[in-house]
Amino acid sequence: MKEQLPALIVIVPLLIALLSPLVAYFSTRLLRGLGLTAAAVSFVSAVGALGHALTKGPWHYYFGNWAPPWGIEYVIDPLSGLMAVLVSFLSLVVLIYTDSFLREEGWLKQGIHYALYLLLTAGLLGMTVTGDVFNLYVFLEISSLSAYGLIASGGYKATVSAFRYVLVGTVGASFYLLGVGYLYAITGSLNMADLTVRLQPLLDSQAVLIAMVLILVGMGIKMALFPLHGWLPDAYTYSPPAAIPFIAGVMTKVMAYVLLRYFFFIFGVLNGFVPLVLEVVGWIAALGIILASVMAIAQSDFRRMLAFSSVAQVGYIGLGLSLGNMFGFIGAVFHIINHAIMKCCLFLVAGGVKWKTGEHLIEKYAEMSRRMPLTMGAFLLGAFSMVGIPPTAGFFSKWYLILGAIEKDLWIYVVVIILSSLLNAIYFFRVIEQAYLKKAPVAEREKFVEDKKPELPATMLVPIVVLGACILVVGILNEPLVSNILLMAFPGGGL
Amino acid sequence: MSMEFLLAYRPLWAILISLVAAALIMLTGDKRPNLRETWTIVAAVGKMLIVFSMLPLVLAGGVIEIEPFKIARGVSLHLRADAAGMVFAVLASFLWVVTSFYSIGYMRKLQEEHQTGYFACFAVCLSATMGIAFAANLLTFFVFYEILTIATYPLVVHHRDQESIKAGRKYLAYTLIAGQLFLVGILWVQFLVGHGDFQPGGFLAGKASVGALQTIFLLMTLGTAVKAGVMPVHGWLPSAMVAPTPVSALLHAVAVVKAGAFGIVRIVGYVFGPQLLAQLGVAQILAWFAAFTIIVSSLIAMAQDNLKKRLAFSTIGQLSYVVLGAALLTPLGIMGGIFHIVAHAVMKITLFFCAGAIFATTQLTRVSELNGIGREMPYTMGAFTVGAVGITGLPFIVGFISKWNLALGSLQGGQGVYVGVLLLSSLLSAAYFLPIVYAAFFKKSEPQVAKHHCGEANKMMLIPLLITAAVSIVLGVFPNAGGGLYDLAAMSAQSIVSGQFMVGGW
Amino acid sequence: MRELFTEHLIYWLILFLFMLGPYGMIFKKNLVKKLMSMNIMQVAVILFFLALGQKTGGTIPINLPGLIGAEHYINPLPHTLMLTAIVVSLATLGVSLGLLLTVQKRYGTLEEDELLRRMNQ
Amino acid sequence: MKFVRAGALLVVVVMTVVLFIGAGALPAIYNPQSPASTHVSDRYIEKSVEETGSLNFVTAVLADYRGYDTLGETTVIFTAGLAAVVLLRSAQKADSRGKKVPLAKAGKGMSERFGTIVLNTAARFVIPFVTLYGVYVLVGGGEGNPGGGFQSGAVLAIAIIISRLVYGEGAAFNISGDLALILAGIGTFIYAFVGVLTLLWGGNFLEYGIAPFLMSAAEKHSLGISGIEIGVTLCVMATIIAIFDALARKEEVS
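In order, the protein sequence lines correspond to chains D, R, C and L. Once you know that position 156 of the first sequence is 156 in this note's numbering, the rest is easy, because the numbers rise by one and skip nothing. Once you know that position 341 of the second sequence is 341 in this note's numbering, the rest is easy, because the numbers rise by one and skip nothing. Once you know that position 28 of the third sequence is 28 in this note's numbering, the rest is easy, because the numbers rise by one and skip nothing. Once you know that position 136 of the fourth sequence is 136 in this note's numbering, the rest is easy, because the numbers rise by one and skip nothing.
Hints are computed from structural coordinates only; laboratory data are not their basis. Honestly, I wouldn't trust all of these hints.
Example chain L residues on the side facing chain C (calculated, C-beta under 10 angstroms, incomplete) [to be verified]:
| no. | residue |
| --- | --- |
| 1 | Y30 |
| 2 | T59 |
| 3 | V126 |
Coverage of chain D stretches by chain L, computed from C-beta distances (three or more under 8 angstroms per stretch; other residues unrestricted) [unchecked claim]:
| no. | region |
| --- | --- |
| 4 | 106 to 114 |
| 5 | 184 to 196 |
| 6 | 270 to 283 |
| 7 | 303 to 311 |
| 8 | 336 to 343 |
| 9 | 361 to 371 |
Idealized CB from N, CA, C, for every residue including glycine.
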């Protein structure tokens, strides 16, 4: 079974998802157990695949044993392996977290929720490891549909925002599919490696430029790059707290990864129209970072603030993509990892506070640090990481991004990153002040002084603390991560 | 673990010991205050022992250098106990021991709440200060620099009232912006040179165009000058006086502000180097800013009625002595600057301790209310007089020695005007300190002071304050007493000017 | 000029249909009309792929005993891909119609402005 | 708000013009030498009969060469079923005004309400043939005539929906909503399980040729293809019924 690892990463969660309604009919405890084992097996096989890729080079796995341009293949190289490990790890952690939200739901609702969640995991994992552009579209649709389902199950306002998310998401997917159509029209193949080879002579033709723009717009919509982010704030604000940490943390990042895969590997960063397109992406991302950070300051609802800060952080990844050099690539990929962990942790904290107090508005967070010390501790780490305070991971992705920007002599980007760090500081310290310094109204204080229950059930508190610790660990251990994995992943190899 | 490994990694243990203590303090919490306080004292004493154990080796000209692990691509967490670093480390660790006892007494006397958070943040601040002292490359320096910024914020907003929250915001605005500017400078150097390791005599010569080097110098000095309280960017320091007095004493007299001054010394001595700065001509501008700060801050100090605000502006002025020393680019000037870090720290901490003692016992904060306090609290005011007179530059108190070297340094550099600045500032500091001493001892005591008859401050606060006063006198007479700080300062100045680490005793 | 016209006319028609999607979605007020424009967009992409697969003189891609050689049959790959794309568009249409049904039942309207007003009450 | 709409219109118009100009660079349609028709598809056409044993090239590509895509596609249907059911179910549970408002009024079958004999006899006659035809479409797809999992699933679902419409919820020939959802999961699971079987036999996922039966490669492949077709049929049928049931359900039971 050892040599089937790439398939297992995606197949195991898929299989368990398909059986979820059936298993839920018999016993929801068995369902929880199976769900956790599925995520755990997927995580272990992702780690194994990454290990194999690092030691023995990229791993090509042919489905149905058909050679690539004809059949579909999975490619585990350091980049996709690392992303698979990230996605499966976060899926495992958030799955443990959602357990207590579903405790009192009916068996069918639980079965459907586990099925949708595991399908979302399988869809995202499928997108990261696939080597076939159309297969990527299919798994994009699986993850999107399960995300629509998860978001829509959260009450009426969620339904309206889910509808807008469906519309915009499908427009994005159609743009991407037309882009794939253009590529298929001029090269005749759907396999990424084959595409790269056959595109080399054609890189100056207009059709490739149009394909680039289409894929960029398509994935830009799904990734919530600045002008195309309209759907994100409502979708994140009104969705149920059980589903949103994983969607917010990982979905937009996998879409950003797809753009990285296209622009760094398939189109190649230096030839044809790519530098021109990337420069436009850079300017849009820079504008997006500033405006989204400013909008985040204006929010009073904690989750909406996090949503706008997500749009800003995705701008960083866009910036790293547009730099095109080694440090830009390292900064972008490292920021994908950091931001996935940070955003997941912050939304877990938001969900935890909602579970404990039912509050979302920031001014209701008064004296929260006394009631939920560990949760707010993890929030503190996440906030410092978003602002970019050194020992945490967020600082080091800014370190590489600015280094890449200086290397390309693009000083405007340096100013933008610095300015946005300060804007982040403004809206995060506002929440820190509220949670740590302000006094709660007297009525509320008696309420929480005498309830002796632990701040959160263990199944919720452990993921929050684990992710908080991860932020610090990834920050401190970023050098081995960068030198061993990211440098190997860069198309030019370890420069 | 082999003994050799233990000894070689001492700088790292010095940093980690108080981090561990901070964790233990948070764990013990408010339930067992005595146990919590022992953690602080154990950590303080332990840190002092570790630091002092490294002294003989460094005094002999040696250097302890380790790179435990890499923190970013091509950059490692590089710690080095060299002469300049030891000066700051010895000073900070010694004064932390004293401040720990003082703050226990102060906190117990005023029954402050949130004491667990207070002591934990204090411990983290001190570990960051050690990190700054021992940092051997720009990124390590910056990592601990930012940790210090964040760890000081809870101490500034300790009282949780509206005024301290506003002061906290101001503090964060200044220091975070400075941190980001400093970061851009570091990244530019990292890009130009590929590493950021401190090299006595500087490593940037010829690495980029003059314009680029000047901008980098501007970015870096702006980043550190905010913490060093150089005039245009000093705004946060007076408003941070809302913090409890032990915080103002140790952090705003020793740890945080000195980190900024020490940063400028590092940049001038170990990143750019005197020769390069002379060519760039930017050191002159820095010297003017420092001189401007010395004079103007002394003038403003005179107008301050709140005792702690007056001490704050005096700190701003005295810190610019260090900046001036560094900016003179002459061996004696740099040595004077580095030694002034020690001198000012010891004297100013005494003054802040006195201010705290007076506040704790009589709730008085305004200078105008202190008439006749000398008779009520003779020892406190005695120590206050020693500190005040020391700052004005009276011989046989440590302030005089550093001021003497600074004057010599400015003459050595041919910039006599700064001698005038130093003399004028001595007069001005006399103008804002001596009236307090005179009022305290010779003026008839105010009705509410007499009514109190509260007598001396309690023992836990009085002893530290007397110790620091005694130290400032002892150091005034024997500058090398206790830790050979004078030699260390001389050695670091010598190594900066000559350009290599191993340098014989002065 | 003639062959540019004959060989690329179909592309322009498809692209016009394709861009009708975002236009309708942004400017139409009724949610169902937005949904219809989304579906038009998906159909346009499906047509694009099928247009790629055509060959002059190619029959349907089922193996006739006599006929050997690739030029006799049209390209089966786009048709397979578009089977999947059609199913995907069916799925998204189904889910969004379900969404619209719920929204209509709860808020009683499908006009965007009216809906926003009622939601924010 | 006005400014944003004008901006959006401008972007759409510019995008259209750019696409129109770019369309010229695309290969001419209908020419057999275009990259799309020469690079990959020629092998599908020439070798699919002896490699996969299916006369219909599209089925060959759909179920064998790119079989994994179709597994994804079937999962998409299942996901759509899940999403629709969870959506429509939660809509009925508690309306914001607290009343239980069923989505559709149906519940009772048309025959009870209208009570005529015509409906019953027609239904009794139509349903078996529709079911039979559905099964034929699945099984008969071999000799080159059209057929396959998706179409037969849809036809079978129609049979059950007719009986639901005519006889109402209590219809004999009926699958309940919850069971339908479970069946949809099982259907796609059958598809994936065929792949897992090939894994257990030592081949890659969905490698039909590895089956240890004593058959020629082509027959193994066609066996595999029919295996997944059954899964697809079950999934499509069950999903359509699940969505129909969520719409027509009277009261929220669980």
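Evaluation of the provided hints:
{"no.": "1", "hint": "Y30", "result": "5 angstroms, holds"}
{"no.": "2", "hint": "T59", "result": "9 angstroms, holds"}
{"no.": "3", "hint": "V126", "result": "25 angstroms, violated"}
{"no.": "4", "hint": "106 to 114", "result": "holds (count 7)"}
{"no.": "5", "hint": "184 to 196", "result": "holds (count 7)"}
{"no.": "6", "hint": "270 to 283", "result": "violated (count 0)"}
{"no.": "7", "hint": "303 to 311", "result": "violated (count 0)"}
{"no.": "8", "hint": "336 to 343", "result": "violated (count 0)"}
{"no.": "9", "hint": "361 to 371", "result": "violated (count 0)"}
Of the numbered hints given earlier, the model fails hints 3, 6, 7, 8 and 9; all others are met.
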